[in-house]
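Undergrad: Sequence:
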Amino acid sequence: MRRPMIKALGTIVLLSATGWGLYAWLTPPDEVVLTLGEPYEQVRERSRSTLPPAEKNTNWAGVVSRPTRLRLVAYEKVLVTPPSMFLAVTYDSRGRVDGVRLSPQVEPLPLDETLKIVRNLQDQLRRGWTPFRSRQSQPIRDDVATRDAIRNCDDPTSRWNSGPELQIAIDIRCFKADTRPDDERYLITLILSRPWVDDRPESDR
Numbered sequence: 001m002r003r004p005m006i007k008a009l010g011t012i013v014l015l016s017a018t019g020w021g022l023y024a025w026l027t028p029p030d031e032v033v034l035t036l037g038e039p040y041e042q043v044r045e046r047s048r049s050t051l052p053p054a055e056k057n058t059n060w061a062g063v064v065s066r067p068t069r070l071r072l073v074a075y076e077k078v079l080v081t082p083p084s085m086f087l088a089v090t091y092d093s094r095g096r097v098d099g100v101r102l103s104p105q106v107e108p109l110p111l112d113e114t115l116k117i118v119r120n121l122q123d124q125l126r127r128g129w130t131p132f133r134s135r136q137s138q139p140i141r142d143d144v145a146t147r148d149a150i151r152n153c154d155d156p157t158s159r160w161n162s163g164p165e166l167q168i169a170i171d172i173r174c175f176k177a178d179t180r181p182d183d184e185r186y187l188i189t190l191i192l193s194r195p196w197v198d199d200r201p202e203s204d205r
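The letter at position 135 of the sequence shown is residue 135 when you use the UniProt record's numbering, and the numbering goes up by one with no holes.
Hints listed in this document are in silico derivations from the structure and should not be mistaken for laboratory results. Every residue, glycine too, gets a C-beta built ideally from N, C-alpha and C. Treat the hints with care, as some may be off.
Pair by pair, the computed Cβ-Cβ distance ranges are [said to hold, decoys possible]: (1) D148 / P39: 40 to 50 angstroms; (2) D142 / G163: 25 to 35 angstroms; (3) S93 / D183: 37 to 47 angstroms; (4) N120 / P201: 22 to 32 angstroms; (5) D155 / S203: 16 to 26 angstroms.
Build out the structure end to end from the sequences listed, making use of the hints.
TA: Printed below as a string of structure tokens:
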């Protein structure tokens, strides 16, 4: 299920990239400003975005329709992503934000550009977030071994906690376009949620 989902996400990003070029010249990117647990409608009112109104009494998500960056503000910590063509804000049946899923790019990117974005995000997270110590979830490095793993489509993932309240996962996945099968392109996924994965460095021993 995950592979078709990533391919569909990549297709959305790729098809939107051409229009983004002109749009970026004419208009600054939208911005969603939030923290987990606040009312979704409050996020819509405060943000400059195309997030649709909430569906009442249901667990659902609002998805933006044009490039939007995320500004996460939580416990005096701020994380700002690049503009994202795909950004979804999920909420619970009470209408409160319970997660965000986004791809912080407007098109699938070459490896160098992909790693540049990931480095920037991780540098921001180092200002107050705690990286996982478990080998499978440590910060993504820019070295030969990591580049080989990414090119091998091993989906390296880093995880970060902000106390017991917030968790962020960042991963890099291969993207193959049917129209350009020989191009080397990659998609980043960032997921913000309540902590649901435990850091278990002892399992690496």
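Undergrad: Any hints from earlier that this structure breaks? Give me their numbers in increasing order, please.
TA: none
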